[in-house]
Every structure is written in C-alpha cells, then in structure tokens.
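Student: Now for the letters of each chain:
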Amino acid sequence: MRYVIVGASAAGISAAKKLRELDDDSEITIISKDDKVYSRCMLHYLIGGQRDVEELNFIPKDFFIENKINWIKGKTVSSVVPNQKSLILEDGKSIFYDKLLLATGASSFFPPIENLSETEGIYGLRNLDDALEIKDSAKEIEQAIVIGAGLVGIDAAIGLAELGVKVSVIEMADRILPLQLDDKLAAKYQAKFEESGIEIITNARANKVLADNENYVRGLELTDGQIIDGKLIVVATGVRPNIGLIKGTEIEVDQGIIVDEYQQSSLEDIYAAGDVAQSKELFTNELALTPIWPLAIKQGEVAACNMVGITTRLSDNFAYQNSMRFLGLSTITYGLIEAEDDGYQTLIREDKDNYQKLILQNNKLKGAIFQGEINGSGVYGRLIKDKIDLSDKLDDIFNLTYADFFKENKDGVFSY
Amino acid sequence: MERIYIDRQLCEACKGCMLACMAKHNGENIDTLDLLDTSNQSANLIEQSSQGEVAPIFCRHCDKPECVEACMSGALTKDKETGIVSLDQNKCAGCWMCVMSCSYGMINKDTNANVAFKCDLCKDREKSACIENCPTGAIELIEVGEGRA
Ligand SMILES: Cc1cc2nc3c(=O)[nH]c(=O)nc-3n(C[C@H](O)[C@H](O)[C@H](O)COP(=O)(O)OP(=O)(O)OC[C@H]3O[C@@H](n4cnc5c(N)ncnc54)[C@H](O)[C@@H]3O)c2cc1C
Ligand code: SF4
Ligand code: SF4
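Respectively, the protein sequence lines represent chains P and S.
Take the first sequence: its letter number 325 is residue 325 in full-length UniProt numbering, and every next letter is one higher.
Take the second sequence: its letter number 64 is residue 64 in full-length UniProt numbering, and every next letter is one higher.
Hints were generated in silico from the structure; no laboratory data involved.
Even glycine gets a Cβ: it sits at the ideal position worked out from N, Cα and C.
There could be a bad hint or two in this list.
[To be verified] Derived coverage of chain P by chain S (criterion: at least 3 residues anywhere in the stretch with Cβ under 8 Å from a Cβ of chain S; other residues may be distant):
hint : stretch
1    : 27-38
2    : 87-98
3    : 285-299
4    : 339-349
5    : 396-405
6    : 408-414
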C-alpha cells in the first residue's frame with residue numbers, strides 16, 4: 001500500500017504518525033510546500049523574538065526516520081489526477097498513491113482593498129516565511145498596521161509590539177476578537193493592549209493602501225477618510241482553504257473539501273483533514289470549516305485509521321472552543337458567546353480579575369466563558385459537548401468539577 | 001501501562017496526596033513544606049461535588065489523551081511503552097489548549113509561570129508520592145491494558 005499525504009503540519013503529521021502505528025510495512029510519503037515542520041500557532045513568538053525557528057517545531061527531531069516516512073519537502077503539488085491515482089508536482093513529476101490524504105491547510109485571505117496587492121510591505125501571517133519577513137522588515141520601521149482583530153491579527157500585533165513597533169489594529173466590528181469574545185471580555189483586553197502601545201480602532205474599514213514613491217506602503221486610508229500611518233501592514237482578515245490542487249476534479253467542494261465523518265471526500269481513497277476540510281461540526285450540526293489545531297490532529301488520526309481500513313468515525317468534531325493568553329490575561333471559551341434569544345439564561349460571576357459567564361438553555365449548557373482563572377474549565381467544555389442535563393446542579397453551577405460526574409471503569413478510565 | 005485507580009468511598013479528604021504532590025514538586029518532603037505558600041501546587045485534586053461528596057481526581061494518562069491532541073507545541077506527549085502522558089514545561093507555550101481540552105480538569109496553569117502543569121505519575125521515582133502518602137488506600141496503582149479512554 002502506498003499512502004501519500006499532502007501537507008506536513010498538524011493534520012498531515014498526525015495522520016502519518018497514526019498510519020505508521022497501524023501499518024508497519026507500507027510506504028508513507030508526505031509532500032509539502034513547507035520545508036520545515038513548525039507550529040503556526042507560535043509564529044508570533046518568532047516575530048517577537050521569544051522563540052527561534054527550531055523552537056517552533058512540534059515533533060521530535062528524528063520523527064521522519066523513526067517512522068520511516070519519506071518526506072518530499074519544499075515541493076508544491078499542482079494537481080490531483082484521481083482516475084490515474086496520481087499527483088503532479090510543480091516540477092512536472094508524478095507521484096502515485098493508493099490512498100491519498102489532503103492536509104493542505106489554508107492560506108491568508110486578502111480582501112479587495114485598493115492597492116493592497118500592488119504595494120510592497122504587505123503580509124499575511126500564516127507561513128514561516130511570512131513571520132520571518134515581518135520580523136525582518138519590522139527592524140527598520142516604527143509603525144505598523146494590522147487589518148483584522150481576530151486571533152491571528154492580535155497575535156501579529158503582539159509580536160510586533162514585542163519588537164518595539166507601534167501598532168494600530170483596524171477592526172470592522174465594534175470590538176476586538178468579535179467571534180471569540182463578548183463586549184466585556186474584549187474591553188478588558190482592549191484596555192491592556194492600549195496600555196502596551198497597541199492602538200485599537202474598531203468600527204473601521206480599510207479603504208485604500210497608501211504607497212510612497214518606491215511603491216512601499218506608508219499608511220492606510222479608512223472609509224471615513226482617516227489616515228493611519230504605518231510602513232508595514234499585516235492582513236489578518238481570515239483564511240481560505242488550499243483547494244487549488246483539486247480544481248477540475250470531481251471532488252466535492254464548498255468552502256473546503258467536503259468530507260464525511262470518516263474524513264473521506266466524495267471520491268473513494270481520497271481523504272481530507274484539518275483546515276482544508278469541511279465537515280459536520282458537533283455544536284452547530286452543520287457542515288463547516290473547523291480551523292483549530294486540536295481538530296486538525298483528530299481529523300488526521302481518523303483519516304489514517306480509515307485509510308488503513310479500520311472504520312473509525314470522528315465523534316467529537318467540536319470547533320466552538322478557543323483559548324488564548326494575551327499580555328498575561330487568559331481566556332477560554334466554549335460554544336455561544338452571547339445568548340441568541342430569550343430562550344437562554346445567562347449567568348455571570350465576576351470580580352476584579354475574573355469573569356465567568358454561563359449560557360444555559362433548558363438546563364443544558366450552551367456557552368461558557370472563563371477569563372482570568374481558567375483552571376478546571378475543561379469540565380464545562382465537556383458539559384456543552386455532551387449536552388449534559390444540569391437540572392440538579394443549577395444551584396452550584398459555577399463550582400462544578402469532575403467530582404459532580406465521577407464515574408470510573410474497572411481499569412480506571414473516567415466517563416461522563 | 002499503569003493507572004491510578006481511585007476508590008472514592010475510601011477517601012477521607014485528608015489531602016495527604018495533594019501535600020505529597022506539592023512537596024515532590026518543590027523538592028521537599030511533607031514536613032518541610034511551607035503550607036502558607038499559595039504557589040504550592042498539586043497535580044491531583046480532592047474535589048467536592050455540589051452535593052458535598054468528595055472525590056480524589058487524578059490524571060488518567062488517557063489512552064487517547066485530549067490534552068496531547070490539543071498541544072500545538074509538542075510539549076505534551078504520551079509514552080508508547082509506559083503510557084505516561086508527560087509535559088515538557090520548557091517546550092510549553094502556555095496557550096491553554098490543553099486546559100481547554102481535558103474533560104476532567106487535570107491539566108492546569110502552573111501557579112508560578114505561564115506554562116501548564118500536570119501529573120507525571122512520578123516517573124522518576126519508584127512509587128508515586130500521592131499513593132505513598134494515602135493513609136486509607138483510596139488510591140492505588142493498577143496495571144491496565146490498552147483500554148479505551
Ligand atoms: C498565527 C496563527 C495562530 C494560530 N493560533 C492558534 C491557536 O492558538 N489555537 C488553534 O487551535 N489554532 C491556531 N491556529 C490555527 C492552526 O494553526 C491551524 O488550525 C492548523 O495549523 C491546521 O493544520 P493543517 O495541518 O490543517 O494545515 P496547515 O497548518 O495550514 O498546513 C498545511 C500544510 O500543507 C502544505 N501545503 C499546502 N498546499 C500545498 C500544496 N499545494 N502542495 C504541497 N503542500 C502544500 C503546507 O506547506 C503545510 O505543510 C493559528 C494559526 C495561525 C496562522
Ligand atoms: S490531563 Fe486530562 S486529557 Fe490529559 S491525560 Fe490527564 S486526564 Fe487525560
Ligand atoms: S499550554 Fe503548553 S502543554 Fe498546554 S497545549 Fe499549550 S503548549 Fe501544550
């Protein structure tokens with residue numbers, strides 16, 4: 001059996017590891033555009049200088065040798081030819097597979113802003129090269145702009161601020177991290193950012209990139225006419241799955257490659273996992289992109305099991321969870337951030353340093369937020385995931401621990 | 001692999017196991033442990049339910065550990081032979097994805113640093129400190145196969 005995986009990041013690596021665990025003999029090949037293995041989640045630490053490239057690696061040094069994996073690195077796959085069961089690389093070379101996993105992740109999305117694509121000094125933050133280039137150009141400048149205050153935008157802003165660059169973050173919504181945080185939580189972070197020299201401009205839309213005579217960015221004009229100075233722009237307005245390589249095939253695509261609960265695409269022997277895949281998400285019960293690290297790992301493993309013929313379904317494809325630590329303040333959220341209508345009950349407990357919010361519907365937890373103290377929050381995540389009835393626990397709802405659900409098998413395994 | 005089996009009924013909530021764990025991490029023994037120092041931290045917890053019943057909760061070193069799957073830095077790994085899920089604090093980036101992911105609340109923030117903190121089953125010692133220090137036998141190490149967690 002020849003297993004071929006495209007992508008050497010969370011999903012691809014976890015699949016390869018699992019494949020080898022389950023099948024000692026077969027040939028495993030990983031092809032990736034990346035020529036290094038690194039965790040994208042830590043790219044801002046590279047910009048800020050807290051970690052070097054080596055320290056972004058999330059696998060053991062001898063991973064490929066130990067697992068007998070043939071890694072073709074620094075090579076882009078241009079297309080997939082399903083009826084020949086082959087891939088064509090950028091240099092024209094063909095690679096044949098019996099089972100294929102597409103784990104190509106996603107790329108930064110650049111919105112249609114005037115001059116954005118023509119001007120020098122504009123970056124996304126997705127790949128190692130992005131981070132290295134941002135770090136390099138940040139050395140020579142005093143002011144930078146970040147478009148988009150989602151998780152990646154905030155990461156970028158913090159990395160740049162770490163280098164002593166003054167940063168302005170432009171956000172369309174009325175608060176930062178609008179998908180992850182409610183007003184209160186966002187305000188707390190916003191105050192912290194401003195203290196540390198990161199300017200936050202909300203309700204703002206970028207209109208046009210301003211360039212100097214050498215076509216180098218010098219600022220950004222907003223739709224209200226305001227001009228923000230900055231000699232570097234990081235665009236963090238979302239990502240798009242890398243599906244270019246399957247163009248022209250019959251593989252079903254919507255936003256990403258549509259997969260079933262076995263991570264199989266609409267074509268037999270072709271699987272997809274991680275940020276490139278679109279799958280039935282647990283919380284919304286809808287086909288959705290699930291662009292978080294833990295799901296890329298899980299989906300990669302599930303794909304691997306099915307590729308070797310061990311039928312395995314992904315049971316907890318829960319994408320509505322986030323964790324973050326910015327400027328020493330930690331937050332973990334699950335499910336809904338705000339009640340959607342009157343059918344929900346919202347409970348809040350807060351003091352100077354901590355904020356907790358629980359959103360219930362019919363005595364089941366639908367949303368949970370922990371800012372400040374985050375220990376033990378995983379129990380709440382599970383209550384949401386498993387839709388556990390809490391009718392008899394409402395009085396003590398903020399103090400639930402696993403002691404409330406304790407159930408242990410003979411072999412010491414816990415369950416709910 | 002081995003796992004700590006918990007006999008909830010035997011636990012008297014003396015917290016000997018927690019003290020032993022704290023002492024171990026401080027490189028001290030229970031007698032010299034400074035009980036007033038709130039930065040002392042135990043990986044295992046004696047928790048109380050809303051009905052007031054106590055339960056000793058210990059990391060399961062799960063067969064399919066959610067914390068390891070969530071760890072984006074490579075700091076958390078499960079040893080193939082021993083089954084121990086261990087944390088390399090030097091690699092940890094303090095992103096709290098593991099805290100978010102453990103359904104039992106068994107991996108948490110280190111009280112002294114922005115890194116995670118969890119049970120390592122005292123792999124550097126002959127016997128786990130907690131077990132050694134439990135007067136009732138509520139916790140014991142059992143040999144388990146590759147069950148499903
Ligand atoms: C700055 C930043 C911070 C983040 N922080 C968090 C966080 O805190 N928590 C969290 O859960 N998630 C976070 N994420 C998201 C997380 O990084 C992704 O969910 C995860 O990396 C997805 O893994 P993946 O394997 O699906 O794809 P990717 O990591 O995108 O990897 C794709 C792989 O495919 C290769 N590839 C792509 N196209 C081709 C081609 N045509 N030919 C050959 N190779 C190809 C690439 O080179 C790469 O190796 C963050 C992301 C960024 C950018
Ligand atoms: S910390 Fe939690 S998820 Fe990780 S091994 Fe222990 S019990 Fe399992
Ligand atoms: S906090 Fe540390 S151990 Fe936990 S997931 Fe993040 S990097 Fe891994």
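Student: Indicate, hint by hint, whether the structure satisfies it.
Tutor: Status of each hint after checking the structure:
1. Only when three residues or more bring their CB closer than 8 Å to a CB of chain S does the claim for the stretch 27-38 of chain P stand; here the count is 0, and the claim is violated.
2. Coverage of the stretch 87-98 of chain P by chain S is violated in this model, with 0 residues showing a Cβ closer than 8 Å to a Cβ of that chain against a need of three.
3. Counting residues of the stretch 285-299 of chain P whose beta carbon lies closer than 8 Å to any beta carbon of chain S gives 4, which meets the minimum of three for the stated coverage.
4. For the stretch 339-349 of chain P, the stated coverage by chain S is violated: 0 residues have a C-beta nearer than 8 Å to a C-beta of that chain, whereas at least 3 were required.
5. Under the rule that three or more residues need a Cβ within less than 8 Å of chain S, the assignment of the stretch 396-405 of chain P holds, with 7 such residues.
6. Coverage of a stretch by a chain is defined here by at least three residues with a beta carbon nearer than 8 Å to that chain's beta carbons; for the stretch 408-414 of chain P and chain S the count is 6, and the condition holds.
Checked against the numbered hints listed earlier, the structure breaks hints 1, 2, 4; every other hint is satisfied.
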